[in-house]
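There are 4 protein chains.
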Amino acid sequence: MSAQPVCLVIGAGAGIGGTVGKRFAREGYHAVLCRRSDGAGLAKLVEAIEGEGGQASGFLMNAIEDSAIEDRVAHVEAEIGPIEVVIYNLGAQIGNRALSDTSDKAFEMGWRLATFGLFRLAKAVCPLMVDRGRGTMIVTSATAAVRGNAGQHSHAAAMGGRRLLCQTLNAELSPKNIHVAHVVVDGSVDAPDTLGRMLGPERFQALRETKGAEDGLMLPERIADTYWHIAQQHRSVWTHELDVRSFSDLPWWNH
Amino acid sequence: MSAQPVCLVIGAGAGIGGTVGKRFAREGYHAVLCRRSDGAGLAKLVEAIEGEGGQASGFLMNAIEDSAIEDRVAHVEAEIGPIEVVIYNLGAQIGNRALSDTSDKAFEMGWRLATFGLFRLAKAVCPLMVDRGRGTMIVTSATAAVRGNAGQHSHAAAMGGRRLLCQTLNAELSPKNIHVAHVVVDGSVDAPDTLGRMLGPERFQALRETKGAEDGLMLPERIADTYWHIAQQHRSVWTHELDVRSFSDLPWWNH
Amino acid sequence: MSAQPVCLVIGAGAGIGGTVGKRFAREGYHAVLCRRSDGAGLAKLVEAIEGEGGQASGFLMNAIEDSAIEDRVAHVEAEIGPIEVVIYNLGAQIGNRALSDTSDKAFEMGWRLATFGLFRLAKAVCPLMVDRGRGTMIVTSATAAVRGNAGQHSHAAAMGGRRLLCQTLNAELSPKNIHVAHVVVDGSVDAPDTLGRMLGPERFQALRETKGAEDGLMLPERIADTYWHIAQQHRSVWTHELDVRSFSDLPWWNH
Amino acid sequence: MSAQPVCLVIGAGAGIGGTVGKRFAREGYHAVLCRRSDGAGLAKLVEAIEGEGGQASGFLMNAIEDSAIEDRVAHVEAEIGPIEVVIYNLGAQIGNRALSDTSDKAFEMGWRLATFGLFRLAKAVCPLMVDRGRGTMIVTSATAAVRGNAGQHSHAAAMGGRRLLCQTLNAELSPKNIHVAHVVVDGSVDAPDTLGRMLGPERFQALRETKGAEDGLMLPERIADTYWHIAQQHRSVWTHELDVRSFSDLPWWNH
Chain H
448 MSAQPVCLVI GAGAGIGGTV GKRFAREGYH AVLCRRSDGA GLAKLVEAIE
498 GEGGQASGFL MNAIEDSAIE DRVAHVEAEI GPIEVVIYNL GAQIGNRALS
548 DTSDKAFEMG WRLATFGLFR LAKAVCPLMV DRGRGTMIVT SATAAVRGNA
598 GQHSHAAAMG GRRLLCQTLN AELSPKNIHV AHVVVDGSVD APDTLGRMLG
648 PERFQALRET KGAEDGLMLP ERIADTYWHI AQQHRSVWTH ELDVRSFSDL
698 PWWNH
Chain C
448 MSAQPVCLVI GAGAGIGGTV GKRFAREGYH AVLCRRSDGA GLAKLVEAIE
498 GEGGQASGFL MNAIEDSAIE DRVAHVEAEI GPIEVVIYNL GAQIGNRALS
548 DTSDKAFEMG WRLATFGLFR LAKAVCPLMV DRGRGTMIVT SATAAVRGNA
598 GQHSHAAAMG GRRLLCQTLN AELSPKNIHV AHVVVDGSVD APDTLGRMLG
648 PERFQALRET KGAEDGLMLP ERIADTYWHI AQQHRSVWTH ELDVRSFSDL
698 PWWNH
Chain P
448 MSAQPVCLVI GAGAGIGGTV GKRFAREGYH AVLCRRSDGA GLAKLVEAIE
498 GEGGQASGFL MNAIEDSAIE DRVAHVEAEI GPIEVVIYNL GAQIGNRALS
548 DTSDKAFEMG WRLATFGLFR LAKAVCPLMV DRGRGTMIVT SATAAVRGNA
598 GQHSHAAAMG GRRLLCQTLN AELSPKNIHV AHVVVDGSVD APDTLGRMLG
648 PERFQALRET KGAEDGLMLP ERIADTYWHI AQQHRSVWTH ELDVRSFSDL
698 PWWNH
Chain D
448 MSAQPVCLVI GAGAGIGGTV GKRFAREGYH AVLCRRSDGA GLAKLVEAIE
498 GEGGQASGFL MNAIEDSAIE DRVAHVEAEI GPIEVVIYNL GAQIGNRALS
548 DTSDKAFEMG WRLATFGLFR LAKAVCPLMV DRGRGTMIVT SATAAVRGNA
598 GQHSHAAAMG GRRLLCQTLN AELSPKNIHV AHVVVDGSVD APDTLGRMLG
648 PERFQALRET KGAEDGLMLP ERIADTYWHI AQQHRSVWTH ELDVRSFSDL
698 PWWNH
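Protein chains in written order, with my numbering: chain H, 448 to 702; chain C, 448 to 702; chain P, 448 to 702; chain D, 448 to 702.
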């Protein structure tokens, strides 16, 4: 068992998830990092944290498998320590697809990743937090949680559900001293794993430069600052929802 | 084949769904009424419409069964006539339940009824409408589509997804001359089948009277007026979202 | 005194205002049409209504002048008849202007037209409606009421205030059987007086044609259908807010 | 001239405004504190900051007077230093009043304090920030900016305008490296000057205790933490809007 409180990250790639985990490790948490694939990348992330003197564990996990989330939570609580902070960072963006090109399976997958997975996580971890009388759950969300653009049938339906689920969780859990926050990431993140892979190296680098010098894409390290702040907010002034975007981007409501 | 255009109602009980079907039948549509159970009630509704000189067909259908929606659409198009208007009226309210009392199954069921069913319906019927160059889809929605209250984990997640799905459908289909409307029914409907059964006859009658004489609960006949208006709107002035509630009720944002 | 109920229109030009007045006149109301300038156009509108067998009166009125609204309401009630429906249709769009090009005066003017005028109207007419136990107030609004775009400092601040004022009016008046509705006109209206004048005849005609044949701009006659429907809604199913736009336009949240 | 950057606070009472000023002073800013009255309280606040080794100046200022804001900005820039951060913290809550009890003057006063004052401040200070290529403007806002409750005619209209003005300011200024943030303070602040005076000492103390021990009211010191965080956000991840409330309070959308 770790003497440190645990920060569990579901969806810990090289973008927001892993970077937030690293930040919490730097602040004294044991970062438990879960991602679906790329064991090598995961190992590298754990090493990087340990190299800084932090504590971390990494697990490959397919969140949509039966009981994968539930078992991971139970294992972490039993073997590592009490989960004080949980970051839900699974995305479900599949790019724009016309209705006829959006299969039932893709639509369901969006829901399993973006909505149902969060519900299962909340059911697994929140009762433990309630028993301990405290906890923090930060949910990474997206523009698609607040508007449905063309081609986003799967993603917007899933994220719209996620957003309202965050509200129902907050309504039940906030009076029990559990802070639930929904972060609308309204723009492109400088994430080689997801956006970088989707665009390919050349277009990704071009986008980085077009959007405004070195910081037109959202920098995960700086998003992590805000996640850390949310987790530090005094309970008399909790934020439930906030947006983040680059200075050089238009907010979703302006375009 | 009917000489009349078809208005297909998914969720045609004695509240909004059946009443809207009756209204469209009165205006010259062949009402195709689908509901999960109560064949006797369904037959009675069909008879009532026919007794007024209208055309109607009734089908028992469990919308969450594989291909139930898709088969029904195909059958109606083949045997009755082109679906010009479709009303999606399936609810997923299960009352307030704490997180620990909301099973995975209940959560999934909410999504299957409120979100996935609409997606499947849209996939089945909208390509036909696109081919014909016109169509109308009106989706009954609820307060839970715009805010997540305590105990509404399943319902709000499902309805929040439904709302944004309506937006993505609208974004793709409106330029193709298909009108998609999302109706936020923000209050209690005078529906013996659903609210009445949930409350029991005495509490139901008491609520009817408490809320302000004979019209404190929302009258389905009068909701049908607005559905009919939406379907009649000229395409230069389509409404995508509107709310409806009783004069004696507070809007969701005021309480 | 007129035997007919009065529909008072504040902002009765050749677009939405005048057309809604005409529609209510056709349905048996005495239309009282107020606009700031163009007495000839106003006289023509009154004649057109009377030529159809309807009743109408026209008044030039500068709504921002002290007591102009209050006096008009008092006069109408004393000389013509009880105001059963009031349409507030004053716009405050001045085109996009940078902060440095938006004078204090322009900013204040926006508020006087879009927000304060509505407040004054409500103070003048609603107590009379409360005494009579019924009434309808329909407020034309704009995209700028729900989002603040670049260059819209004056307009968006004024319309954002107007929208929330409609909510506070509704909260107080709805239980007293007065229907307050806020209509988000989310697009360009085929209005020669305002848009036509702003663009000039050639660009206006080009826009009409570009946006999709004869009905890409919103047709005032068809907007009037929806205003009429709102005024006819049964009080058990009142709509407070709805949007309208052309099928060929993107909703504000999609662009 | 101060060697330190200036944080200008408009509305620097003993609640959020003064406390935020103190916090920025502690972080190395020269706090310029403006409030309408209570010169003794203001002097005490300046002394407290200086007693901690910080820099501060206090000015009595009636923001609604002609050129009061503009002159103050010019004076600060000329005599103290460049304004890097500005906090707009003027409230306009006058308690719930029926329409008939809300005078034209009270309605206008709400707008002058909550909307027009912010516009004037932005016109005075933002061009200077644009010239310097950076700046931060944080606007304290309220529940009334997002919904209009009964009795809030003046407040909600003013705050609804303020919110959309923040959006238009952000749309123009964000690309110029000026961070505009709108903070929805959704609950009661532990502010003796405003809430305390409105309630009287006994009811105020009772509320403090009722809401959940020592921290049911929002603690200004802790709100200041979030204001400081906003001002520190990297420009690739700016927040435009966030809410804050006590764990023991319901969010505005839940009640």
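Wrong hints could be hidden among the right ones.
Intra- or inter-copy, both count: the list cannot distinguish identical chains.
[Unchecked claim] SDA-like mimics (lysine to any residue), calculated; alpha carbons at most 20 Å apart, straight line:
1. K623 x D548
2. K552 x E512
3. K623 x E474
4. K552 x K570
5. K623 x D662
6. K491 x E531
7. K623 x L642
8. K623 x R644
9. K552 x D513
10. K570 x D518
11. K491 x L507
12. K570 x N624
13. K552 x E668
What the hints contain is simulated information worked out from the structure, not anything from laboratory work.
The structure displayed is predicted, hence computed values, not measured ones.
- Pop the pair K570 and D518 into one bin, within, between, both or neither, using alpha-carbon distances up to 20 Å. The answer is within: 12 Å in one copy meets 20 Å, while 36 Å across copies does not.
- Query: Under a CA distance limit of 20 Å, which applies to K491 and E531: within one copy, between copies, both, or neither?
  - Reply: neither (24 Å within a copy, 41 Å between copies)
- Task: Could you figure out if K552 and E512 sit no more than 20 Å apart (CA to CA) within one copy, between two copies, both or neither?
- Result: both (15 Å within a copy, 15 Å between copies)
- Indicate which option fits the pair K623, L642 if close means a Cα-Cα distance not exceeding 20 Å: within, between, both or neither. Neither way: K623 and L642 sit 37 Å apart in one copy and 26 Å across, limit 20 Å.
- Query: Checking K623 and R644: alpha-carbon separation at most 20 Å within a copy, between copies, both or neither?
  - Reply: Neither, since 41 Å and 31 Å both go past 20 Å.
- Item | K623 and D662: within-copy, between-copy, both or neither at 20 Å Cα | between (39 Å within a copy, 14 Å between copies)
- Between the shortest in-copy and the shortest cross-copy C-alpha distance, which are at most 20 Å for K552 and K570: within, between, both, or neither? between (24 Å within a copy, 13 Å between copies)
- Alpha-carbon proximity between K623 and E474, which holds within one copy, between copies, both or neither at 20 Å: Neither, since 25 Å and 33 Å both go past 20 Å.
- Item | K623 and D548: within-copy, between-copy, both or neither at 20 Å Cα | Answer is between: at 17 Å across copies they meet the 20 Å cutoff, but 44 Å inside does not.
- If the cutoff is 20 Å on CA atoms, where do K570 and N624 land: within, between, both or neither? Let me know, please. For K570 and N624, only the intra-copy Cα distance (16 Å) is at most 20 Å; the inter-copy one is 42 Å.
- Query: For K552 vs E668, is the C-alpha pair at or below 20 Å within one copy, between two copies, both, or neither?
  - Reply: neither (34 Å within a copy, 38 Å between copies)
- Task: Measure nothing new, just compare the shortest in-copy and cross-copy C-alpha distances for K491 and L507 to 20 Å and report within, between, both or neither.
- Result: Answer is within; shortest intra-copy Cα gap is 13 Å, inter-copy 56 Å.
Figure legend: structure checked against the earlier numbered hints; hints not met, in rising order: 3, 6, 7, 8, 13.
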